[in-house]
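Each chain, written out:
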Amino acid sequence: MAGFSSMDDFINETTVNGKFSRSDWNKNVLPTTAQVAGMWHDLSTGAGNPSSDTGYGAGSGTNLSFQSLTDQSTLSPGIQHGGNVSPDTKHIVNASAFSAAATSMPAVFMLVDRIGYYGMTTTTLTTNQVLINSITFTANAGTDVITTTGYDIASLTRVQLTTTTTLPAGLSLATDYWTIRTSGTTSTLAASLANAIAGVPIIDITDTGVGTHTITAFYDRQTSVLGAGLKAYVVVSSGAAVTAMGAGTPNISFTYTRPDTGGTDTGRVTPVVLPVGLTAAPKGTIPYSGTGVGRYGPFMPFQAADNGIESAQNFQISATYTSGNLNLVICRPLLTLPMTTIGVAAERDLLNQVPSLPRVYDGANLTWLMYAGAATPVNSAFFGHLDFAWG
Amino acid sequence: MAGFANVQELVNAEESGQTWFATWRKSPTQVTTIGIWFDLSMSPGNPVPQYYAASPLVAAAFAASTNGGLYHGKNVTPYTKHLRQVLALTVTSTGLPMPMLLCDYLLYYPFIDEGTTDVQPLTNSVPLPRYTDGKGVQMMAVSVASRTGGQSFTVGYTNQDGTAGRTTQTVIQNSVSLNGSIVTSDRAVAAARGPFIPLQTGDTGVRSIQSVTMSGTDVGLFTLVLVKPLAQMQIRGIDAPVEVDYFMDFSQAPVIVDDAYLNFLCCPAGSLAATAIHGSLEVVWN
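Top line first, the protein sequences correspond to chains C and G. Numbering follows this note's numbering, in which position 277 of the first sequence is assigned residue number 561; successive positions increment by one, without gaps. Numbering follows this note's numbering, in which position 240 of the second sequence is assigned residue number 420; successive positions increment by one, without gaps.
Okay, chain C solo, but in the shape it has when bound (with noise of 0.2 angstroms):
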């Protein structure tokens, strides 16, 4: 059985099995404008280690596509956690963040696992703008290639396939894989996340198949119902490449299909009161935090009783922003880190104190996000560490 039986089993587990990894993170809160009191921050966008994503927005894939992330996501990378540990599960032990910038304090961190997200560089439409899940795709029996037109699927994302009539031979119905990508139009396909890493082997396709055939892109990393536990933010683009936010103070909402409860799950939609978005909102930011109406903090809410998200469909502002880019970014809350005092280490114990032992699974992509109590300045730097055990 996967995880810990006992305290003897922990014990036993990360001295005498070696299970047991250790990262040390330094983040630089956002580098061009200060943070605002009040507001949460993705300090993913931040310089350090590991280093600012570039991937968010217009950096990669195709604009209002699901592009899945992992730990080997280059544009957006996470903090490091040890690797994959299956059929072992991983669990974070330990957790801490400090910061000596002068007003810096108070700040609450949140640790996430982000999915992945959704760029948008089209926050000059209110139109409701559908979400790309998926797209056609032609199979080449010879490359082993799949090709697909109008979704640059990111590599290890995990996929499914349809048809119309009979798949290419050697690719199944209701069957994960993983994709690698080969180009913006291009990927093979593995049986498993680690031989999507590896780069090997990769399916054997050996014909076209009849009919048009679809593939899907899945959230990964799920528990036994798909899409349960998830939630979902909104955060202003950043790199240096990338537009800043300009004027705009639309009211932001989604439509989702809710992990599966066995009656009607799509269709599900923001509720009111709709979340506001901060007109000019620093890159980084999760415009629609902070004080006032309309402003939640840090995720989008939830229709009624909803416990996750499968999918997303749409994605809509009521007003422009003049210009900039936004993510819808898909993850899982793992813990939070309250602080209070420039130069005091938050320490979280998450056996002892916190009984809970958040998992962290295989290709997880860890993020803080960071709830900023005071006005921020820019690159002030926050570091930290995470233990991690597995059994």
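Hints are computed from structural coordinates only; laboratory data are not their basis. Incorrect hints may have been included.
Here are some, though not all, of the chain G residues that point toward chain C, as calculated from beta-carbon distances under 7 angstroms [unchecked claim]: (1) S196; (2) Q198; (3) N255; (4) H458.
Which stretches of chain C does chain G cover? Using the computed rule of at least three CB atoms under 8 angstroms from a CB of chain G, they are [claimed, not checked]: (5) 318 to 331; (6) 386 to 396; (7) 570 to 583; (8) 588 to 597.
Glycine included, every Cβ here is placed at the ideal spot set by N, Cα and C.
Could you slot chain G onto chain C? The hints should help.
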């Protein structure tokens, strides 16, 4: 069966995502007084403030869907939602230490006039929106226009069993000229209370309020508010946040009913002006 039969069910609910986490931030502008309970729902921040603005002496109901309050996610019926954790911190010491009381605000009767000793009948155009039998529902008097202080009053109400004609104990008003302060709370005046008005002996809750009678006149106005206290905590200092896990620390998990309007009462040790109080709230349902 809604709720949690055991720890395993709680863990399963959290593992399956039946949780919501949200942050809040209150930044009072009011110069509060040591030992006087204060209603943080009237302070700026997130959630946005409310000012008990409705027709005088006529009952008005609170609901998350129409009034806001601390965001705790949407309704979960047929599940029941429980408070799991609350975090609160501040880096400004003037108001500390400070007990805080999380309440579900239910019903209020605005603009009760302190300038008359006539019996002031209140109109119950709407009933309690939640906790409709009144069990555990408490009554508080929130200042909305300042006074000299020192006058007493009683309140006529219907108790948790539906018995009308009940009368609160006589309470005396403080002299704090501060909107949002609880007018009957004081730490140095005999017969002052706080934060709730003591009910007639034997009563445990309030279903509705029928009248208010001042024993002497003053110049202020107050609002009578019916709330259901849910959970308490204390911010002790600026060097550490207060984090309460109601399940682990108190072996309880207060229920948050659908559409509950949540906000805090607090009892500061000094002025809260220019004090930002930050926090989060986590709920779980099953």
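Checklist line | Supplied contact hint for H458 of chain G, tested at 7 angstroms Cβ to chain C | finding: OK, holds: H458 of chain G within 7 angstroms of chain C, min 5 angstroms.
Next item on the list: Quick one: see if chain G covers the region 588 to 597 of chain C, three-plus residues with Cβ-Cβ under 8 angstroms.
Entry: Contact hint for the region 588 to 597 of chain C vs chain G: holds, 5 residues under 8 angstroms.
Next item on the list: Could you check if Q198 of chain G really has its C-beta closer than 7 angstroms to a C-beta on chain C?
Entry: 5 angstroms, holds
Item checked: Verdict on chain G covering the region 570 to 583 of chain C, where coverage means 3 or more residues with a C-beta closer than 8 angstroms -> Satisfied; 10 residues make the cut.
Item checked: Agreement of hint N255 of chain G with chain C interface, Cβ distance less than 7 angstroms -> 5 angstroms, holds
Margin query: Min Cβ distance, S196 of chain G to chain C: is it shorter than 7 angstroms?
Written below: It holds, given that the least Cβ distance between S196 of chain G and chain C is near 5 angstroms, below 7 angstroms.
Item checked: Coverage of the region 318 to 331 of chain C by chain G (three or more Cβ within 8 angstroms) -> It holds, with 3 qualifying residues against the three required.
Next item on the list: Check, residue by residue, whether the region 386 to 396 of chain C contains three or more positions whose beta-carbon lies closer than 8 angstroms to a beta-carbon of chain G, and give the verdict.
Entry: holds (count 4)
The structure shown violates none of the earlier numbered hints.
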